[in-house]
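Peer 1: Sequence:
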Amino acid sequence: MKNKIISHMNKYKIYISSVWKQIQKLFKPSGEGFLLVSKVLVVVLMVICYGESRGQELKEEREIRDKEKDHESQVMLGFRVPDDFWTHEFTILENGAYKKETLMKYRGKPLILDFWATWCTSCMANFPKLDHFREVYGDNMSFLLVNSYDTDTSKVAGVFEEGNVKIPSIVLDGFLKQLFPHQAVPIYVWIDDFGRLGAISTSDFVNDNQIRVLLDRMKGERR
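In this note's numbering, the protein residues as written are 1 to 223.
Below, simulated DSBU-like cross-link-like pairs (lysine-lysine); rule was C-alpha separation at most 35 Å, straight line: (1) K129 to K99; (2) K129 to K105; (3) K99 to K155; (4) K166 to K155; (5) K129 to K177; (6) K155 to K100; (7) K166 to K100; (8) K129 to K155; (9) K166 to K109; (10) K99 to K177; (11) K99 to K166; (12) K166 to K129; (13) K100 to K177; (14) K105 to K155; (15) K155 to K177; (16) K109 to K177; (17) K166 to K105; (18) K177 to K105; (19) K177 to K166; (20) K129 to K100; (21) K109 to K155; (22) K129 to K109; (23) K99 to K109.
Listed next, with one range per pair, are the computed distances between beta-carbon atoms: (24) W119 to R212: 29 to 37 Å; (25) N140 to G174: 29 to 37 Å; (26) G158 to E135: 18 to 26 Å; (27) S154 to R80: 32 to 40 Å.
To be clear, the hints were calculated from the coordinates, so they are not data collected in a lab. Cβ atoms here follow ideal geometry from the backbone N, Cα and C, with glycine treated the same way.
Whenever a hint applies, use it, and build me the whole structure from the sequences.
Peer 2: Here it is, written out as structure tokens:
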């Protein structure tokens with residue numbers, strides 16, 4: 001950051017030098033008027049330079065703090081999700097109705113979060129596959145959709161009604177996207193029965209083999 005500040009100062013020194021040459025062209029380099037105007041302009045330029053440099057410095061400090069804050073909130077692979085992951089109250093669409101609910105009922109068994117959006121056709125194409133897994137694995141594993149992108153809940157409801165989607169979906173999410181930042185959807189977050197982040201994957205890895213591996217590993221750890 002120090003090098004960047006020095007770079008900004010050097011730019012303003014060049015600017016001052018350029019302005020000084022213009023002053024010399026406009027005024028004769030003699031007399032009190034010339035000296036007074038010159039001193040005033042130099043002081044003004046120094047104040048502007050300092051203000052611009054300090055403003056840039058503060059901006060960079062804020063950017064660093066924001067990045068550190070995001071890093072602190074992000075769940076790292078192999079670590080447990082924070083307690084407020086379970087206790088935070090979400091808006092959830094299920095069976096055509098919205099409700100406020102925490103994720104406490106999902107605690108203690110594997111959970112896959114499916115981040116999606118209404119404009120993502122490949123996201124919606126995978127919903128039947130998740131419905132199939134829910135039927136196959138029953139209470140041994142949970143699946144939950146998460147929509148962090150759509151602000152119009154009527155669009156979400158329309159997708160559910162048209163596709164006969166049975167899996168509940170968190171809507172208007174801003175909390176989980178911070179814990180599990182991503183750049184594209186669909187993306188799948190795997191959380192094991194101990195509340196640890198096991199993986200973040202694409203849809204290709206959401207299959208019977210991978211789910212069985214997770215469930216078998218869970219059985220082994222509980223022996």
